[in-house]
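Put the two chains together into one complex, using the hints given.
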Amino acid sequence: MPLSASTVDALAAVVGRGGVLTEAEDLIPYSFDGTAALKQRPEAVIFPRTTAEVSDCVQLAAAARVPIVTRGSGTGLSGGSVPTPGSLVLCVAQMNAILDLDPRNLTLRAQPGAITQRIDEAAARHGLFYPPDPGSMRISTIGGNVAENSGGLRGLKYGVTRDYVMGLEVVLPDGEVARFGNQCVKDVAGYSLKDLFIGSEGTLGIITEVLIRLVPRPAARRTMLALYDRIEDAAATVSAIVAAHIIPCTLEFLDRVTAVCVEDYARVGLPTDCEAVLLMETDGHPAVVAEEAAQMEALARQHGARDVRAAQNEAEALQLAAARRNAFSALARKRPTTILEDVTVPRSELAPMVRFIADTAVAFDLQIGTFGHMGDGNLHPTFLADERDTNEMHRVHEALEAIVKRTLELGGTITGEHGVGLAKKPWLRQQMGDASLGLMRRIKQTLDPHNLLNPGKIFD
Amino acid sequence: MRATLTTIDYSILQQCMHCGMCLPTCPTYDATGRERHSPRGRIALMRAIADGDLEVSPTFGDEMSYCLGCLACQTACPAGVNYGVLFETARSDIQAANVDPALKRRFWRALTLKFLFMRPAALRTAGGLLRFHQTSGLETLSRRIGLTRLLPSDLRRLEPQAPAVARQFSPSLIAPHERPQGAVRARVALLTGCVQDLVFPDINRDTADVLLANGCEVDTPASQPCCGSLHAHNGEIEMAGTLARRLIDLFPPNRYDAIISNAGGCGSHLRHYAPLLAGDPAYSERARIWDGKVRDIQEWLVELGCRQPSASPVDAPATVTYHESCHLVHGQKISRQPRAILRLLPGVTLTELPESSWCCGSAGIYALTQPDQADALLKRKVEHITSTGAEIVATANPGCHLQIARGLKNAGANIRVMHPVSLLAAAYRRVGRA
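Respectively, the protein sequence lines represent chains L and Z.
Under this note's numbering, the first residue of the first sequence carries the number 21, and numbering increases by one thereafter.
Under this note's numbering, the first residue of the second sequence carries the number 151, and numbering increases by one thereafter.
These are computed hints drawn from the structure, not numbers from a lab.
A portion of the hints provided could be inaccurate.
Said to hold, decoys possible - Computed cross-link-like contacts, DSSO-like style, restricted to lysine-lysine with a CA-CA straight-line distance of at most 30 Å:
#, chain 1, residue 1, chain 2, residue 2
1, Z, K443, L, K354
2, L, K354, L, K59
3, L, K354, Z, K483
4, L, K464, L, K59
5, L, K445, L, K354
6, L, K177, L, K425
Bound conformation, chain Z alone (with noise of 0.2 Å):
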């Protein structure tokens, strides 16, 4: 049966002693300096409707909508709170009454998560289409004769940047098993996602080659489902049961060492699949081995003991600073790793990035649904990475990514977004080449 916030819990609301710890690292608090747009103001609205103090209304609504979810608060709770869950259980609760009264946002929610991401062959199909416009000079052809503007206003605003669709997608560049050259250290899933699959396929080849290069045996199905992170994210807690069981049915976790992904946001999902599936006998057993087996690939890498490329992946010798994604850094607590990756590298010089675990705007659909604050955001998050006089920013995850690389392009800004897989890759890449 689905939690609500009158049936969660309570315990988990209580946690919260609003000592007001949280204030500072929360975006939305930030901005605006009201507690309703606080963590702890929050979690009060949530126990307010718990006690019958308040209904599921539509101003709670908008402030759900509002907030990022990008866990700050929770790595600043000295009191352990889970913000997680109650975010997830009150934006369900949200569905369920249907009151949030966006119909632009219940648009987006309905394209994406309910068509989109349920269907892999789906959301190809769409990037394929997409791609065939971006690239056939149709794209052209209608910005030129006014075309877009029969748009709704988001989508004609973020049409011209919309990413670039990759040619080809993981299956044409991963087989669905590799082997290392070499003793095998550990057997591996790799997780190839929705979004990453769609237009940074690279970094799903990427992160199989430095697998490769640890001496791991990768599996790689050509068809994966998504993981459900956006649905759960989203309030769509059925949808995404469904997706967990598809993944774990096809990635049966007895068979891994560990199962990676390479995306900040659906690993952090990916970590919690035991709650998920609690009340489902046929998977909670193998829903327990599954969260004790993600792993982020970063994460694995350092855990098994990461070689050391001899060759720099950069020409000339480069300044990287690293932007760390909210379901990486607060989801999953991995701060330490991909710096730990990125000065293994020759030739790369780190530098930190102030307010390198701010929020950067992309947080899922935000950029959708809540276009004025992702845009804020992400105006914050260019000035600091300009500011480093880094010529690559590095972060790891694809919504980051590319939120990312459009503020840079937008601010003129020469700078390059790169996984640092990515970087790993090229320098063993080299290596062989030398």
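If we strip away everything but chain L, and leave its shape as in the complex, we get (with noise of 0.2 Å):
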């Protein structure tokens, strides 16, 4: 149903005539987010600053049937933020407050606007540590973080956001503030329900605070670059290391494409003439991260390695890990359109995989850079092409059903932290089955059953 001038007046009463917006140059800015080529423009955008104006937007978009998009700063890379026909975003960028920090518990309690870095930087004055850190977490909120559980460069050692979700306040699509978990790290009272709404996409509830849990900040750090000239080799340095027993915080893999790129824009240093470079970063305590420094180099030494090169202070070391944050957005240097790909595999069989994606990048002449978190299985080839050439998107989208095929074949997942959202919904089925696909569906009605939260988003 389009949204009623009456409507629109009664959100305006809740949130004040400047928490809507509904002018044509207001909204074209909220049609999109962070994925390439989706676009749609929303009926109204509305900035609540309380749980209780949340719940109070919901009950009236409900009553009128309006669909809500929840909204933090539109940077996810699946859709998932994109206004649906029809719909009234909630922006939760206003509800950005730290609300605690509780050094005794080690939690900390944010709405769900804060920014990502800011919650971290919150944990550091404490010496703390707030360990997922996606690509965007600069600009990123917590609560969409949450949404979408969110992984990062740090996943292979500290996991995803799920790892740190203690508790949430969700509005439920009828109006009502549901809580679950606290602050006791031992909680098995009932169903795990914030667990289901980690990672629901905005389609079960919308959420409005979150209770994580920090860890004590590490106390040493040391950053390295390997350089190979084959691949492979990248892939097998990264086996040797899991099997090795080291678990480095970050094992990051970028090819010639993507370096190319990143030091276009970065200027760190990144080596530019050899096929593949990986990004090594062990953290804790000193004498523990000299030694897996040094049992590192030695591995990627043996595995073919030109050279491994050492970070020569912290300020150089967080400028290499910022420049591979902004691979995917670096990558748009080369050509118009940049579509980024979310494949994972198990870790044992990343070689056959980074080799599949290359073979398929020449079998369909595209050009694709691939980067991701090799330590985690997190690949993210992306192809970059013109939109407006419509043969070359054919055979974008051709090469898509390739690599889905050959990631599921290898036990893999479509998504291994962007979310379904709307550019992976084609290919759940084929991963999940129908059982699991109809558990999905039966949730989603049981709790929304107008379909009025983030429709249409993960499955139809």
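In structure tokens:
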């Protein structure tokens, strides 16, 4: 149903006239998120400031049967916060307070619009650490991270967003406010409903508060770059490191195309003349870090690294990691349209997967830049194309089909950290099968019978 | 032909893949939290215009006036979007469509761009009148009898803080041709600028002095046209082209090893004459050579190997902090060199300014067209400067210089604003005196 003037007035009564946007010039910039080639203008955008306001807005929208798409900073990479036709965007950017940091229980409570990096900075002031570091952490919101169960560069050792969520406050599709979890390390009371909402992509409820756990900040860190003439050697190094029972915090891979683009942007001294670069980072107790770094360097050299360079200081290490976080956007330097994939395979299957992607690029005459979290099997093959070239886009889709098929054959997943959203929806059934998909549908129908929250995302 | 959003190379618009990495660096997005006020939001509006989904509307005019054009987004952008070109094209479209709804903004644009900055003589005459007003006692008198109340409110707000116009302009201070003592290492042209020349001609003298002290032969013709930066920045592309041709005629680029600017805002524009004159066969080749020779003074000194002065520019050891002009750091990517020069100075300790590359709100004529946002940014800048405890804040752009001096004065802070080159020149002079 289109948004009526009376509903707009009612929403304005809740969030204030300045908290409702309806003009074309205001709405066009909310028609997209960080995902390529997805665009849909919403009917309106609202900016609630409190849980109570979110609840009131949800009730008004539910009464008018207007779908709601929740949005943070709009940096998602699967179209999770791209508006659906006729929808109201509920933007939590103004609910951005860090409410409480409890150094005795090592927890932090924040509103959903709090910026991920600000959370880690707040933790750092107490000698604590919030490890999940998605590429967009400088602007992404914690609510969005939880809704998408975001990963990052440190997933290998520290896990993903889910591993840090202890509790949630959620506004349900009927406007009711529910709270799950608490500050207890152990808690087995009832179903773990918070886990249902983590990664639910805004389809089951609107997250209005997050309770996360923090860990002690590692005392030392070493960052190294290993350079290879063959991609397979980089993959073999990763396998050897894991087989030696070393779990570094980061093992990032960049192929040549990606390294060239990142260097062009960041000028951090990434080599541009080798086929693969491995960014390796170990953190923890200084003695352990020194020992692991030496072992990793030796293993890299044993497996064909042409050279291994260590970051000279903390600033250089931070620069390298920051440059890597921007790899996806930097690839946009090459061609007008950048289509990012998020396929993930068991670590043992990395080498064949990387090889398959390279072969696919040749077979379909496409340019693909590949980078990713080699340590956890999460790859980001990125198609560099032009959406105006229909023939090329057709080949992109065929290549995508082939990569997804191979990923699933190798026991992998269509998305490691970006979520299904709109972009990965066509392949979800292939991965999950009818029974699992059917169960997800039944859960959605139970919680949101009128299909008002982010309809058409994850599945139809 | 003037490029418009509908005729511009579409791939410049496509280059933005709306990842959002620009958002945390945009002062206007930071102020409002609304995507429309963000770089990717503005680019989305431009793309909608290019796609025919939106007209060049008054609201779009408002939006592009609200954008500072500080180019912080361009530094942050991993995808390499040329926001500067999009920004100037959009403002040019808004000019052509005549949709800027604010009369006040149009008044300022017309007075500054179309009249004063097209005519060096008019600008100096206006400067002379303003100086007469400031020094003759008329200023105090007119303020006392309330005459200033007749001024438009923006002017009234700025009038008491209007820059004190210098007693004499650059031509009285710098000979058209000056030679260094000893061997000549390079021959350079010195651009004296408009605001720099009116308000800070001493900085031009200092620039000439440090060039001479580093073995450069310096050409500084007395009457120089404006570089056109303000015009291009505000959508007056034709006028910008006219001014660029005049400047190239005055300084044939083949004659010089470097063409020196000491104003961040001018330098950023001066480096891009080639695209501006690409369609003019009589000038395109010279414009290309010109672009390759333009240097910021600090960049040039470091490139040349700047001689360290043996004396200190200050009487007692002092702490200096450095504010980066947007168009020096984001427009020209010059960030390291001014600091390197400040570190050369004996008796001066450089301390970093928090958010050193965040806009101070001056932004060309922004302080006139968007006074509220400009003041908010100035307040933030002044707070950071005072937090450093520095006695001197160095900055290399006259707009920033004036804006920050005004902010510090209003805040009652006893901190001097100086161009890095002025500090260097003072140190060289003390060596001479000792």
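Taking the hints in turn, this is what the structure says about them:
1. Pair hint K443 (chain Z) plus K354 (chain L) holds up; C-alpha atoms about 28 Å apart against a cutoff of 30 Å.
2. Taken as a hint, the K354 (chain L) and K59 (chain L) pair is honoured in the structure, with Cα atoms around 22 Å apart against an allowance of 30 Å.
3. Under the criterion of a C-alpha separation no larger than 30 Å, the hint pairing K354 (chain L) with K483 (chain Z) is consistent with the structure, at around 22 Å.
4. With a C-alpha separation of about 25 Å, the suggested pairing of K464 (chain L) with K59 (chain L) holds against the 30 Å cut-off.
5. At most 30 Å may separate the alpha-carbon atoms for a hinted pair to count; K445 (chain L) and K354 (chain L) meet this at roughly 27 Å.
6. At most 30 Å may separate the alpha-carbon atoms for a hinted pair to count; K177 (chain L) and K425 (chain L) meet this at roughly 28 Å.
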